[in-house]
Structures are given as structure tokens and as C-alpha cells.
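Number of protein chains: 2
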Amino acid sequence: MEKRERIYLFDTTLRDGQQTPGIDFSVEDKIAIAGMLDAVGIDYVEGGYPGANPTDTAFFAERRTTRAKLTAFGMTKRAGVSASNDPGLATLLDSQSDAVCLVAKSWDYHVDVALGISNDENLVCICESVKAVAAAAKEAMVDCEHFFDGYKANRDYALACAKTAYDAGARWIVLCDTNGGTQPDEVTEIVADVIAAGIPGTFLGIHAHNDTGQAVANSLAAVRAGVRQVQGTLNGIGERCGNANIITLAATLALKPRYMNRFVLGIDAEGLTELTGLSRGFDELLNRAPDPQLPYVGASAFATKAGIHASALLKDPKTYEHVDPEQVGNMRRVMVSDQGGKSNFINELQKRGIVVSKDDPRLDRLIAMVKEREAAGYAYEGADASFELLALRELGSVPHFFHVDSFRVMVERRYDSHGRIKTVSEAVVKLDIDGRPVMSVSEGDGPVNALDRAFRKDLGKFQSEIADLKLADYKVRILNGGTDAITRVLIESIDDDGVRWWTVGVSENIIDASFQALVDSIVFKLMKNRKMAGRAAAE
Amino acid sequence: MEKRERIYLFDTTLRDGQQTPGIDFSVEDKIAIAGMLDAVGIDYVEGGYPGANPTDTAFFAERRTTRAKLTAFGMTKRAGVSASNDPGLATLLDSQSDAVCLVAKSWDYHVDVALGISNDENLVCICESVKAVAAAAKEAMVDCEHFFDGYKANRDYALACAKTAYDAGARWIVLCDTNGGTQPDEVTEIVADVIAAGIPGTFLGIHAHNDTGQAVANSLAAVRAGVRQVQGTLNGIGERCGNANIITLAATLALKPRYMNRFVLGIDAEGLTELTGLSRGFDELLNRAPDPQLPYVGASAFATKAGIHASALLKDPKTYEHVDPEQVGNMRRVMVSDQGGKSNFINELQKRGIVVSKDDPRLDRLIAMVKEREAAGYAYEGADASFELLALRELGSVPHFFHVDSFRVMVERRYDSHGRIKTVSEAVVKLDIDGRPVMSVSEGDGPVNALDRAFRKDLGKFQSEIADLKLADYKVRILNGGTDAITRVLIESIDDDGVRWWTVGVSENIIDASFQALVDSIVFKLMKNRKMAGRAAAE
Numbered sequence: 001m002e003k004r005e006r007i008y009l010f011d012t013t014l015r016d017g018q019q020t021p022g023i024d025f026s027v028e029d030k031i032a033i034a035g036m037l038d039a040v041g042i043d044y045v046e047g048g049y050p051g052a053n054p055t056d057t058a059f060f061a062e063r064r065t066t067r068a069k070l071t072a073f074g075m076t077k078r079a080g081v082s083a084s085n086d087p088g089l090a091t092l093l094d095s096q097s098d099a100v101c102l103v104a105k106s107w108d109y110h111v112d113v114a115l116g117i118s119n120d121e122n123l124v125c126i127c128e129s130v131k132a133v134a135a136a137a138k139e140a141m142v143d144c145e146h147f148f149d150g151y152k153a154n155r156d157y158a159l160a161c162a163k164t165a166y167d168a169g170a171r172w173i174v175l176c177d178t179n180g181g182t183q184p185d186e187v188t189e190i191v192a193d194v195i196a197a198g199i200p201g202t203f204l205g206i207h208a209h210n211d212t213g214q215a216v217a218n219s220l221a222a223v224r225a226g227v228r229q230v231q232g233t234l235n236g237i238g239e240r241c242g243n244a245n246i247i248t249l250a251a252t253l254a255l256k257p258r259y260m261n262r263f264v265l266g267i268d269a270e271g272l273t274e275l276t277g278l279s280r281g282f283d284e285l286l287n288r289a290p291d292p293q294l295p296y297v298g299a300s301a302f303a304t305k306a307g308i309h310a311s312a313l314l315k316d317p318k319t320y321e322h323v324d325p326e327q328v329g330n331m332r333r334v335m336v337s338d339q340g341g342k343s344n345f346i347n348e349l350q351k352r353g354i355v356v357s358k359d360d361p362r363l364d365r366l367i368a369m370v371k372e373r374e375a376a377g378y379a380y381e382g383a384d385a386s387f388e389l390l391a392l393r394e395l396g397s398v399p400h401f402f403h404v405d406s407f408r409v410m411v412e413r414r415y416d417s418h419g420r421i422k423t424v425s426e427a428v429v430k431l432d433i434d435g436r437p438v439m440s441v442s443e444g445d446g447p448v449n450a451l452d453r454a455f456r457k458d459l460g461k462f463q464s465e466i467a468d469l470k471l472a473d474y475k476v477r478i479l480n481g482g483t484d485a486i487t488r489v490l491i492e493s494i495d496d497d498g499v500r501w502w503t504v505g506v507s508e509n510i511i512d513a514s515f516q517a518l519v520d521s522i523v524f525k526l527m528k529n530r531k532m533a534g535r536a537a538a539e
Numbered sequence: 001m002e003k004r005e006r007i008y009l010f011d012t013t014l015r016d017g018q019q020t021p022g023i024d025f026s027v028e029d030k031i032a033i034a035g036m037l038d039a040v041g042i043d044y045v046e047g048g049y050p051g052a053n054p055t056d057t058a059f060f061a062e063r064r065t066t067r068a069k070l071t072a073f074g075m076t077k078r079a080g081v082s083a084s085n086d087p088g089l090a091t092l093l094d095s096q097s098d099a100v101c102l103v104a105k106s107w108d109y110h111v112d113v114a115l116g117i118s119n120d121e122n123l124v125c126i127c128e129s130v131k132a133v134a135a136a137a138k139e140a141m142v143d144c145e146h147f148f149d150g151y152k153a154n155r156d157y158a159l160a161c162a163k164t165a166y167d168a169g170a171r172w173i174v175l176c177d178t179n180g181g182t183q184p185d186e187v188t189e190i191v192a193d194v195i196a197a198g199i200p201g202t203f204l205g206i207h208a209h210n211d212t213g214q215a216v217a218n219s220l221a222a223v224r225a226g227v228r229q230v231q232g233t234l235n236g237i238g239e240r241c242g243n244a245n246i247i248t249l250a251a252t253l254a255l256k257p258r259y260m261n262r263f264v265l266g267i268d269a270e271g272l273t274e275l276t277g278l279s280r281g282f283d284e285l286l287n288r289a290p291d292p293q294l295p296y297v298g299a300s301a302f303a304t305k306a307g308i309h310a311s312a313l314l315k316d317p318k319t320y321e322h323v324d325p326e327q328v329g330n331m332r333r334v335m336v337s338d339q340g341g342k343s344n345f346i347n348e349l350q351k352r353g354i355v356v357s358k359d360d361p362r363l364d365r366l367i368a369m370v371k372e373r374e375a376a377g378y379a380y381e382g383a384d385a386s387f388e389l390l391a392l393r394e395l396g397s398v399p400h401f402f403h404v405d406s407f408r409v410m411v412e413r414r415y416d417s418h419g420r421i422k423t424v425s426e427a428v429v430k431l432d433i434d435g436r437p438v439m440s441v442s443e444g445d446g447p448v449n450a451l452d453r454a455f456r457k458d459l460g461k462f463q464s465e466i467a468d469l470k471l472a473d474y475k476v477r478i479l480n481g482g483t484d485a486i487t488r489v490l491i492e493s494i495d496d497d498g499v500r501w502w503t504v505g506v507s508e509n510i511i512d513a514s515f516q517a518l519v520d521s522i523v524f525k526l527m528k529n530r531k532m533a534g535r536a537a538a539e
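These protein sequence lines map, in sequence, to chains A and B. Straight run, no breaks: the first sequence in the UniProt record's numbering ends on number 539. Straight run, no breaks: the second sequence in the UniProt record's numbering ends on number 539.
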């Protein structure tokens, strides 16, 4: 195999990704994300625009990456002043960055309307700014804004902007599809023309947006046409429809034969296995639910719920999966769902150490019950612990730990003696444990928190067993519009063994739904303790 | 302009889309969705697999579309029995469908392993099944499953399967990238080879999956290579990473010069303007939040929050938008957000008839307050009414309608006299209207519903004004893990004028957050009434 060419991955999550509606990174966020990108082997991390806002200025006050080149984004110098007298440019050169990416207008229309200078003045700004960056011993790159639209409007001028940057010594000239409407075959043609105009592909980058759902395809088309730097963002965040998803690009370039045989990335095989964690860790940091359908790394990317497919899949995964999920740190899922066939159920139960024969009538009852409850709003795909309890109950092996006689939750908002608004949440839970009534009361930060505290305040003889049980996450989903809709609550619990489990509750009453999930969580914990004890005894 | 070629859009939301984890359609869902697809001008609606499950059998008991061809999906006849004696095939032929799409294995490996028959037997099954469909006076199509992977493993056999279907009289031979890993340039090469093998492109379809984020690109590559039927699903739902998004495909084929000048769809200009409503209506039916970044139809697809861009955008949208949002029924959004510059705010306020000068100190105070509150968890991008109230309060023009002295919400779960579990929600609200105390109590289906009812039970002299106010939707978002996290509540209200508005509340207490949103909703309604009255008086 002849020597493979290097493709450089450039991440702009912290700069262009910041344009995503609803997303704003703190300095701490940026430091954490830069570290995550650095760890997997991304080549360039664009951190923001030092000087434009306090966050980005603070971020660039220190080196934030070890392997990756930390890149500062900014504008070319203003017309009329020399590079050395341009305060904006000075801030970029002073920042703790290895590289500086200068955005330059390459569509003559914008040069005129947005900058209000002549086409030639703009070329001078590009040339002198690039030279200033190089003189400061930083790697210079130029984002040719609106390049593809500019090329269609005035080919010669768009090319002149790119060529000027190249001739001035820019390491990378990045062709940006700023408005995101360019089609892959147009990218192919235009990139070929740029290379023909004298800029080697090894100096060219592609920056694509997803406005026609083809940001990844446009980026790969550019690579096939000769471009060697690819820009993208984590999970494809970005302005409007987002940027190219850098995780999808990395996985495709590294795992698809026609790319892996020709190219090599800064991400090695181990880095690849971290992509799923990178994608989900990023969403966690954003406090948002990961998209299960994300290519390669989504929770559903290698999931199937079709009964027939599922059984065939288990026979020979290779013929149903385009890559091995483990190469990107993801896993195969054959899901419990009301479309799932018997084989799915048996498989799911076996995973949990529950053995039941294919023709056991209790299995049919369990399947019927799951279908019925999923129809009512329960979602066992996302609540493994509640599913396991449901199965064990049907198979008659869940001991009777306690009985809930009643609970009461009260939320009151009033003015305190100092005239300040005060909201108090209080919960009372009445349990019966071995015929002994146990009544607990607690306040909380909200009704669910108060209920959780009261419930776990005194579990009689089981109290010590749940001492290490903590709630890790709480999700609410309204299943059909209106405040009187059905509510589904998912609760994630964790204990000192580091084990995590999800439980579900469904009711027209959010408190009631939360309570169901809390009860399942505690019963699951008690069952888990007994399983552990059993294992320990067996060893 | 020479005559444009017809491209046929084939929607498989109700069949392949049904494979999406977490999605299961009822018969009513399917009828509603088929109607939506029919209305915009989709050519084929694949409704499911009659005979495979009660839902699909019931769906195909009647004609469900008027313009679109209703298509039933199923398998080719089993080997060993004649087409006329195959019960599965019989069910397909008896169904109320205009067309039948038969799935056929075209990868020899699967013919052997999954079907356990010889390659020739499989060809016979394809041939006879197609003939049986044609004989039943239905349009016959064949989904060549695993076509692209099959082609790479055994080109001649994959081609033989497609050719057999064509020679037997199939109207469409659909090339399926079942595992979703094929790259656009592979699609281009392989489709060209299929056409060279003697099947005209006007008889070929493409069925792409999104496992490398290129389902749309693969579909369009196939179109450029000669294929004339394109399959997809609403919002790209489907197994694993989903299918090609048929809305993105329709918009791109209809609005991008290199396609619109060559091709024509069954969707006319008016149908195009319904695409945004179709996409969001579908998510509404699924009770899930629409993805704001969806190409063309997402809430963010034409949104910008960058201060500089925003001002330039308003000068001349064409140079910042790849298509006109109104062509697909979407709209431009310049958003209020803590990245938004003054121009955004002034623009947002003007839209609401609030005029404030650029250097009015109150404007700076308002911007500061919005940033502060968004930092605390409020999201004014999604709560237009709460934003308007915040602005009007800052500008000192919201009258004092009423004062909330206190409220109390109680949720109790216990056993009733018949030993049945019973959960009761009750709320008490104490208001002060012109110094007159008003106290109301109500039960509800849940705490928020009870609070809403009690609150709106008696608003004194304003009661008649809010008689037509209804809650249309209620959304809960937990902003950081744990049950004691911050909760954001968004409430959508509607009145008899058909006007809809969103209000927001944020608190560590979900009841408190809901109450804030309820108060804003009612105050907004009272303000709205006065605005209307003012207009009426002016006329």
C-alpha cells in the first residue's frame, strides 16, 4: 500500500458552534471541551475570537491544548491602518494561540456592502494580515467567507482572494460555504478549479454548513477533490442547520475503505473508540439529551427493534452493520419494544441473568404486559431497571420489601414575615414494613425532591441498604399537549459501586409518575444488593 | 428550457419509519400522516405491511389517499409454493392499495443464510411475485434489499435480481442501501452500471439510510446518475440513524437551480410552502420537540443570533440565505439571545410595536436583564410573550392587574374506601384585585392543572376577559441533573382569536416555575385584549 496522505481535522465547536441558538459556552465549558478534543487527537481546536468578548479573551489567556494547535479566530486588519496599528489584529497576535484563522470576505458583493472598501483594498488587507501573523511566528490561515457563492458571482475575484492568502504565506486557505446551500458536485468542480488556479490541495481546507443536509457530503467531496483540512463541530452544532459533524467525518475517513486506504488522521484507533464518549460527554456538558440517531455514535446507530432482523443480526452482525460499533466505542442494541419479537425479549432477559424458555407462558404474559404498558406511555427502552423488575415480578421472584400506604406532597408559596416570597415543598410518606407503620416527613427544593427525601428518610430495616443510593438524573416528558397531559418521568440512580440504572413512571400526575420511578429505583437497589450478596456467597 | 423530467417522491415513514426506536404508529396516526403526505403532493405513500400486524392490516382495509398511490409492503412469495398459494402475497393483493412493494434479497449471502434457498430459486420468487402483482392490476415495485453491499460482494447476482424484476414487469426497481454505509461516489458508479446493464433510470428508485450522515447526498447522487424515484421519511426517521429526509430532498430538488431546472416534482409551489407545517405537524403527532436545526424547515434553519450578521442580514437577506424561507413556509428569525446585539433587540421590539431609541438607557437595562435571566435558565427565544412582557415592564407600561398573595398545591395518594389507589391534586390561590381579596380552590388531573384551574376560576372583574384563554401545550426541561435541579417550564396558550403565545417560568420548584409561566400567560392575554380594544377604537 502506497504511503497514505494526512488529513487534518479542524474543530470549530468553540467558535462557529457558539453561533448555535441556545448555546453559550462559559470559559470553564471551553476549557473542558478543548481538553476533550485534544485528548482524541483533533489537529486544530478553534477556541473563539479573543478581544470580541470577555469569555474568549479569558480563554486565550493561557495555552489550553497539548497536542492540538490552539487557533484564535479574528478578522483581517481594517483598511487604511497598517497591520501593526490594528488593535483587533494585535489582540490575536498577543493571544496564547499556535495558529490564527483570519476571516476574509471573498464575495465581491460583501466586500462592497459589508466592508465598504474596494476589491483591491480587501486583497491588501488579506496579504498584510497574513504576513503579520507569520511574522508573529504563528501559523496563519484564512477563512474565505462566502467562497462558493462568491465564486459563482465573480470567479476571478474569489480565486484572487484565495491566491493572495496563499502567496502571502498562509498555511491553510479554507473554502467556506457560509450560507450552506452549495451542492456536493459544485464543491467538486469548484475545488478542482481552485487547485488548477495554483493552490495545492495540501494548502486547502473546507468549511461546510448543513443547510441542505449535506455538510458531511460536501466536506468529503472536497477531500476527494484534493482538500486536506476538514472543519466541523461536535455533533454538528452551529448556526442555522449547523456545521459538518466532525465526529461523523472522523469515523468515515478512518473506517470507510475508500478513505482509510488513502488517508491517515491524527486520531488513532484508540482515539476512535473515544468518539462515542466525546459526543455524549459534549451533550452532557450542554445539558441536553443526545440525539439517538447520530451516525456512528448515537444510541440507536447500531440498534434494531425488528424481530426478524434482530435474530439474523445476532447470527452474523457483519452483514447488517456497516462498521463494527466497538471501533467507535458504541455498542449493538437489540431493543425491548412493542415491535420486538420473542428473540429480542429472551436476549434482553439473558443479558440480565434471567433465563426463561421460548415456550414459557409467563414469557408471553410479560411481552403482552410490556406492549400494553408501552402503549400507555411507559418506555422500557430507556428504563432498564424498571424492565428488569417488571420481568422478575412476572416470573414471580421479587420479594415484598415494603408497602406504600399513602403519601402527601404540599407546595406553598407565600410571603414570609420579612415580606419576601417563599416557596416551601413538604412531603409525608406512610409506609408499612412487616406490618409496622413508618411515617416520614421532609421538606425539599421542590415537590419531587421533598418526596424523595421523605421516602428515603426511614425505610426501617432496609435503611442502611439504601444509604449509598443517589439520584443522578431526572427527566420529564409530556406525552400529549396541555397541562392535563400524560407525564412520563425517567429517573437515573447511582450507588457507591458506581452502578447506574434507569426507572420509569407514567401518570397524568407528575408527582405520581415521579413516585413510581422512585419506588422502582429503591426496589431495584434492594434486589441488586441481594444479587451481589448471592454472588459473594457463591465465591 | 427543455422539458423537465419527472422525479417521483416515495414516502416510507409509515413502513421503514416504523422501525425507529421509540416510534409506534396507531391506525389513527397512520391515517393522519397518510393524509398529510397526500395533501402536499407526495407521489407514493407506503403505509406498512398488511398481514404482519393488526395495525397495518386495519390501515389497508380502506383507501387512505386520494392523489398519492397507496403502497403496501411485503415479501416476495416463499420458495416451493406458487404465487397463487402464498398466503402472505395473497394478503398484499387483497389489500386496498394501488401499488405493492416487494422486498427481495439481492445479496447472495442473505439469500443463502436468511432465506436458505438457492440464488436461482430467489430469482424465480422475484419473477413470479412481480407477475402476480401485475396480474392483480396493481403497480409492482421491488425493493432490492442490501443492493449496494450485494453488488460489491457479487455484482452479477445483484444485477440479475434487479434485471429479473424489470423483465417481469416491475414499474420500479428500488436500489436499497439497507446497511447505510455506502458513499455517494459509490452510488454514482453503481447506479451507472445498473443502467448500463439495461434497466432505464426511469424505472429505478433509491432507498438510502443515514449511517454516515449522507442519506440525502446518496439519494441526490443517484438522481444525478439517472434514478427517477426517491424514497425517504418525514424528518428522516427510521431504523438506526434514519432514512433520507424526504422534506430535505423535496426542497432541494424543487429549489436548487441544478435540480429545479432539470426536474419537476408532484409537489407544486403551494405544496412546498406546506413543508414546514408538515415537518412540525408530524413531530407534534409524535409528541416530540421538533429539531430546530432541520434543513429548510427547522426553527433555526433561517435564524441568526450573531449581532453583526444580523444587521447585515436585515439589509439584504438574499446574500445570507441560500433560499427564501417563505418558499418552504418557514420564516427568518433574528433572535433575542445573550449573544444578540442591540440591533437584534430593537428589531425584536419593533416587531411587537414597541419603539425604543438605540441610546435609550432603558434599552441597555432591558438587554442586561435578558442576559442575566437567560443565564439563570430563562429562554426568551422560545417564550415570545414573556419577552414582550419583560420589555413592556422595563419600559414601564404594564398596568397592575392583580397581585398574587399566595398559593398552595397539595397532591395526595391514598386508598379510597373501596381499597383502590387514588391520587388527588388540589390547589388554593389567594389573589388581591383592587384591594379585594379573592380566594379560589380547585382540583385537577395533576398539580399544575389544579393550580391553573384555581388561578383562572375567579379573576374578579377580569374573569370574562380570560374566558377564552386555553393552555395548548406544556413543556418541562430539567436544566441540570438530579431531582433538585433547576426546572424550566414553557407554556403555550391560545384564545378564540386563534392567537398562540409562549410564556416561561424557571425555578428549582416545578410548581413554582409553572406558576410563573401561568401568570405571564394571563397578564399577556389581558394586555392583548387592551391592544385589540385600542386598535378597534382607533379604526
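Everything labelled a hint here was simulated from the structure, so no lab data went into it. Do not rely on the hints blindly, as some may be mistaken.
Copies of the same chain are indistinguishable here, so a pair counts whether it falls within one copy or spans any two.
[Unchecked claim] The calculated lysine-lysine pairs, modelled on DSSO-like cross-linking and capped at a C-alpha distance of 27 Å, are: (1) K528 <-> K256; (2) K69 <-> K3; (3) K422 <-> K475; (4) K3 <-> K152; (5) K430 <-> K525; (6) K457 <-> K422; (7) K152 <-> K318; (8) K422 <-> K371; (9) K470 <-> K342; (10) K351 <-> K138; (11) K256 <-> K152; (12) K351 <-> K430; (13) K152 <-> K315; (14) K256 <-> K351; (15) K358 <-> K315; (16) K163 <-> K69; (17) K342 <-> K318.
Under a CA distance limit of 27 Å, which applies to K457 and K422: within one copy, between copies, both, or neither? Classified as both: same-chain Cα gap 24 Å, cross-chain 24 Å, threshold 27 Å.
Quick one: K256 to K152, C-alpha cut-off 27 Å, is that within a copy, between copies, both, or neither? between (32 Å within a copy, 14 Å between copies)
I want to check one pair: K69 and K3. Are their C-alpha atoms no more than 27 Å apart within a copy, between two copies, both, or neither? This pair counts as within: shortest intra-copy Cα distance 24 Å, inter-copy 53 Å.
Copy assignment of K528 with K256, given that the CA separation must stay at most 27 Å: neither (41 Å within a copy, 58 Å between copies)
One pair to classify: K152 and K315, alpha carbons no more than 27 Å apart. Within, between, both, or neither? between (52 Å within a copy, 21 Å between copies)
Is it within a copy, between copies, both, or neither that the alpha carbon of K351 lies no farther than 27 Å from that of K138? neither (54 Å within a copy, 46 Å between copies)
Given a CA cutoff of 27 Å, do K163 and K69 count as a within-copy pair, a between-copy pair, both, or neither? within (24 Å within a copy, 54 Å between copies)
First find the shortest C-alpha distance between K256 and K351 inside one copy, then the shortest across copies, and answer within, between, both or neither for a cut-off of 27 Å. Neither: 31 Å inside a copy, 50 Å across copies.
Identical-chain pair category, K358 with K315, by Cα at 27 Å: within (17 Å within a copy, 68 Å between copies)
Checking K3 and K152: alpha-carbon separation at most 27 Å within a copy, between copies, both or neither? This pair counts as between: shortest inter-copy Cα distance 25 Å, intra-copy 36 Å.
When no copy is named, should K470 and K342 be tagged within, between, both, or neither for a Cα gap of at most 27 Å? neither (34 Å within a copy, 45 Å between copies)
Is it within, between, both or neither when you check K351 against K430 at 27 Å Cα-Cα? Intra 36 Å, inter 54 Å, cutoff 27 Å: neither.
Checked against the numbered hints above, the structure breaks hints 1, 9, 10, 12 and 14 and satisfies the rest.
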